[in-house]
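There are 2 protein chains.
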Amino acid sequence: MGGDHGPSVVVPAALNYLSDDPQVDLILVGREEAIREHLPAGDLPDRLSIQHASEEVGMDELPSRALRGKKDSSMRVAINLVSEGVADACVSAGNTGALMATARFVLKTLPHVDRPAIMSVLHSESGRTWVLDLGANVDCSADHLFQFAVMGTELVTAVESVDNPSVGLLNIGQEEIKGSDQIKQAHRLLAASPLNYIGYVEGDDIYTGDVDIVVCDGFVGNVALKSSEGVAKMIRHFMKAEFTRNPLTRLAGLVALPVLRSLRRRIDPRRYNGAPLVGLRGVVVKSHGGTDAVGFANAIAIAKKEIQADLASRITARVEQLLDPDSDPGAAEQVSL
Amino acid sequence: MGGDHGPSVVVPAALNYLSDDPQVDLILVGREEAIREHLPAGDLPDRLSIQHASEEVGMDELPSRALRGKKDSSMRVAINLVSEGVADACVSAGNTGALMATARFVLKTLPHVDRPAIMSVLHSESGRTWVLDLGANVDCSADHLFQFAVMGTELVTAVESVDNPSVGLLNIGQEEIKGSDQIKQAHRLLAASPLNYIGYVEGDDIYTGDVDIVVCDGFVGNVALKSSEGVAKMIRHFMKAEFTRNPLTRLAGLVALPVLRSLRRRIDPRRYNGAPLVGLRGVVVKSHGGTDAVGFANAIAIAKKEIQADLASRITARVEQLLDPDSDPGAAEQVSL
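As given, the protein sequences belong to chains A and B, one line each in that order.
Numbering follows our numbering, with no gaps: position 77 of the first sequence is 77.
Numbering follows our numbering, with no gaps: position 41 of the second sequence is 378.
For the record, the hints were derived by calculation from the structure and aren't laboratory data.
Where is the CB? At the ideal position from N, CA and C, for every residue including glycine.
Do not take every clue at face value.
Listed below are the simulated BS3-like cross-link pairs for lysine-lysine, each with C-alpha atoms no more than 25 Å apart in a straight line [claimed, not checked]:
| # | chain 1 | residue 1 | chain 2 | residue 2 |
| --- | --- | --- | --- | --- |
| 1 | B | LYS570 | A | LYS233 |
| 2 | B | LYS642 | B | LYS445 |
| 3 | A | LYS233 | B | LYS445 |
| 4 | A | LYS240 | B | LYS570 |
| 5 | A | LYS240 | B | LYS577 |
Per label pair, the in silico range of CB-to-CB distance [unchecked claim]:
| # | chain 1 | residue 1 | chain 2 | residue 2 | range |
| --- | --- | --- | --- | --- | --- |
| 6 | B | ARG601 | A | ARG266 | 13 to 23 Å |
| 7 | B | ARG601 | A | ARG128 | 18 to 28 Å |
| 8 | A | GLN185 | B | PRO377 | 52 to 62 Å |
| 9 | A | ARG271 | B | LEU585 | 18 to 28 Å |
| 10 | A | GLU55 | B | ASN583 | 25 to 35 Å |
Chain B side only, calculated, beta carbon under 8 Å to chain A, not exhaustive [unchecked claim]:
| # | residue |
| --- | --- |
| 11 | GLU392 |
| 12 | VAL475 |
| 13 | GLY536 |
| 14 | GLY540 |
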């Protein structure tokens, strides 16, 4: 049980979640004594169980070291439970790199999927935008980007019940120096596919809400995400500095407080916490390391929707249909996205 | 004379600038009659002249088409003036891709510099951060990234009179999948150089102000910049929506107005308008297409500092010293950055 706060956040979050959702059973994986500290004394609540794991993966630990050296980490044990069919999904607030490496090693990728990706949802002016990959794959071929688009489409269809979500390929504006060869080739693959591909989008399009899914390689996606977080943090910093500059501005801040609170709710990162690792033979959702019970519940809810939609089968079927050269070419006609 | 507003912004901006800075002569390049419309009737003001150019490059025009087809565009004529030694610098609010292509074709790159780059300065919590490249080069080798670091160091030293500005290489956080081979190799080159290299930085580090110069390829830099703009715009959008929601929130907005105005001033993009094209045999500064007189004056001021510091010679000397295998290796010791 990882994340920045460990059981002190995850255990209360699980209890909260159980009381809100009668359909789900939760297994808490980690050091049993540490987990019990945050549970009410006596018998375990209904639909809650504990799976002891003696080790933990540190937030800064190298993924390969975690994978090789910590066979009894809470992360490894939780993913094993998915692999064994005991659990339907693993939700973790732990080390992202280690989670992806372990999930990939234990669960394996889906047929016809070369690389799993990390997908996340960001606020936009008119709602939200899903972006993948956010850091699992540094260099991506056109085929990888195409597969991300397929997986993203299936995930958004499943999790949001949106038919035919739109897909944009992240690029830069200058006409002639537009993108690398991989991006141009991915553009051709997407344009020829039955996906709802709307063409190239730029960094700022993530936040307008005019596209449902933005596809990019993990390096670019990670930089876009981190830069965005940096700007938002800087604006918050300046806002605080301005409103606390002197007694008069403090007073203005007091008057504006309810409005500033609504603003904060609008861009509350917890609302969209939960980054699915897509392309694996099993459901794994990464929760933000520093989230609280509200955010964690959101991550569990995403995992539940993936399970209910049987996302893995959907992705397999769709990728097979679109990528497998041996599949019936006529079949593509019969499927509506 | 390009940009979103053409002479209606650039001419008043030039007049303003001249009255503030007695050291600079300005040549307005564009359609003479269009320029004259925005000038006071009668003789031209002191230190102002007009160079007629019959064509204009459109903001969405393909760079190659502008370069081949518009030999008498204001952009081309302005850069020719620099090439002929008539002007010391060209400041343009026009099409970035065409400006770079034309400047590269007419002025050529500096010795030992493979590719010029676009550099810009962004707000940060504690001041500002310079970033390059912002879109001129999609795929960059380790050598290119290294040259960007050298050019960026010389520019910041010249324009800001900062000794030994710090340089960070943009990367993503996950340890083992960190960066591409080019980035790892650039990291080694930078670490072994006499530059003030502080190592890898992430997207959010651009906005903390802990580093003076962030180096990345043009694709990543452009996405980081555009994503950041997108987030800032979204926050402004939400802020406006919240403060205009009902009479009560409008009242709160009125009370908070002075504070919100100071906030806006803090993140005013005009303060940092002016993106130098570095690595060319001549000074070229790109002004934002939509800026006003204040922003345009800033771009001229950056050009002036580049001229005064003789940036091209500084970059040539520094790149030669650091990259040329034939140069005296002992010389590196004598130079303090």
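Hint check:
1. LYS570/B - LYS233/A: This hinted pair holds, its Cα atoms lying about 14 Å apart.
2. LYS642/B - LYS445/B: holds (21 Å)
3. LYS233/A - LYS445/B: Since the Cα atoms of LYS233/A and LYS445/B sit roughly 40 Å apart, the hinted pair is violated (cutoff 25 Å).
4. LYS240/A - LYS570/B: holds (19 Å)
5. LYS240/A - LYS577/B: holds (17 Å)
6. ARG601/B - ARG266/A: 13 to 23 Å: Roughly 19 Å apart at Cβ, these two residues keep to the hinted range, so it holds.
7. ARG601/B - ARG128/A: 18 to 28 Å: The hinted range 18 to 28 Å holds for ARG601/B and ARG128/A, with Cβ atoms some 26 Å apart.
8. GLN185/A - PRO377/B: 52 to 62 Å: Roughly 56 Å apart at Cβ, these two residues keep to the hinted range, so it holds.
9. ARG271/A - LEU585/B: 18 to 28 Å: holds (24 Å)
10. GLU55/A - ASN583/B: 25 to 35 Å: Because 54 Å falls outside the window, the suggested range is violated.
11. GLU392: Hint on GLU392/B: violated, closest Cβ of chain A at ~19 Å, above 8 Å.
12. VAL475: holds (6 Å)
13. GLY536: Check failed: Cβ of GLY536/B comes no nearer than 15 Å to chain A, outside 8 Å.
14. GLY540: holds (3 Å)
The structure shown violates the earlier hints numbered 3, 10, 11 and 13.
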